[in-house]
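Chains as they are written, first to last, in our numbering: chain A, -12 to 101; chain B, 329 to 441.
By construction, these hints were calculated from the structure, which means they are not laboratory data. Even for Gly, the Cβ is constructed at its ideal location relative to N, Cα and C. Any given hint could be a false lead.
[To be verified] Simulated coverage check for chain B against chain A, where a stretch passes if three residues somewhere in it have a Cβ under 8 Å from a Cβ of chain A:
hint, region
1, 339 to 352
2, 370 to 378
[Claimed, not checked] To give an idea of the interface, some chain B residues facing chain A are shown, with a C-beta separation under 10 Å as derived from the structure:
hint, residue
3, Tyr363
4, Asp387
5, Gly391
6, Tyr392
7, Cys419
8, Thr439
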Amino acid sequence: AQSVAQPEDQVNVAEGNPLTVKCTYSVSGNPYLFWYVQYPNRGLQFLLKYITGDNLVKGSYGFEAEFNKSQTSFHLKKPSALVSDSALYFCAVRINTGGFKTIFGAGTRLFVKA
Amino acid sequence: EAQVTQNPRYLITVTGKKLTVTCSQNMNHEYMSWYRQDPGLGLRQIYYSMNVEVTDKGDVPEGYKVSRKEKRNFPLILESPSPNQTSLYFCASSLIQGDREAFFGQGTRLTVV
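Please construct the entire structure, taking both the sequences and the accompanying hints into account.
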């Protein structure tokens, strides 16, 4: 079965420290990879995506993500966390099944402590 | 302002009473989809639509119907809601190309008692 795994339910980090939110996937073919963020009582917002090319992609709010094809991973990173980064983060893959189907991970809650 | 609008935001209903959650987008997107979000399960795709009159099942379509008569609207219909459909629902839209990011509505919190 095709799936996306976010192995950590929660990540805690101190403000100013680097953060990593992990994502691995198991799908056929070459999917498009996305990260979204959800703040309380809001819909999901797009952060960044990997389509092709450079394995390190940069996105909104200082976030970046590293694609590793051999490990089928797409980890989200930020060099210096802010308290305002505290939110729920979702990794997603989009695959071509004739139409385009999107599979989301279960989400990782990030807490940044001041 | 580019947006996806869902209504209602909150809904409490009784088992078996038909309901419709509306979704409208103003970005001329071809692709629209519905998801449900449950704790520990993330978002699961219910149905999606590649264009007007073209819909297809996602991972959890049982108990739901959709229609796409106009490009901007993609309503979600629960013909006979059951308590296991209590969830947070999101509508999303994007351009048709697979590498385009989705825009999400604010969500509809549905409780079926």
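> In terms of beta carbon proximity below 8 Å, does the region 370 to 378 of chain B have 3 or more residues touching chain A?
Replying inline: Coverage by chain A holds for the region 370 to 378 of chain B (6 residues, Cβ < 8 Å).
> Taking the least C-beta to C-beta distance, is Tyr392/B closer than 10 Å to chain A?
Replying inline: violated, 16 Å
> Does Thr439/B pass the interface hint, meaning its C-beta sits closer than 10 Å to a C-beta of chain A?
Replying inline: violated, 16 Å
> With a cut-off of 10 Å, does the beta carbon of Gly391/B approach a beta carbon of chain A closely enough for the hint to hold?
Replying inline: violated, 19 Å
>> For the region 339 to 352 of chain B, count the residues whose Cβ lies under 8 Å from any Cβ of chain A; is that count three or more?
In response: violated (count 0)
> Minimum Cβ distance from Tyr363/B to chain A below 10 Å?
Replying inline: Given a least distance of 8 Å, the restraint on Tyr363/B holds.
>> Next item in the hint list is Cys419/B. Is there a CB on chain A closer than 10 Å to its CB?
In response: holds, 9 Å
> How about Asp387/B: closest beta carbon in chain A under 10 Å, or not?
Replying inline: holds, 8 Å
When each numbered hint is compared with the structure, violations occur for hints 1, 5, 6 and 8.
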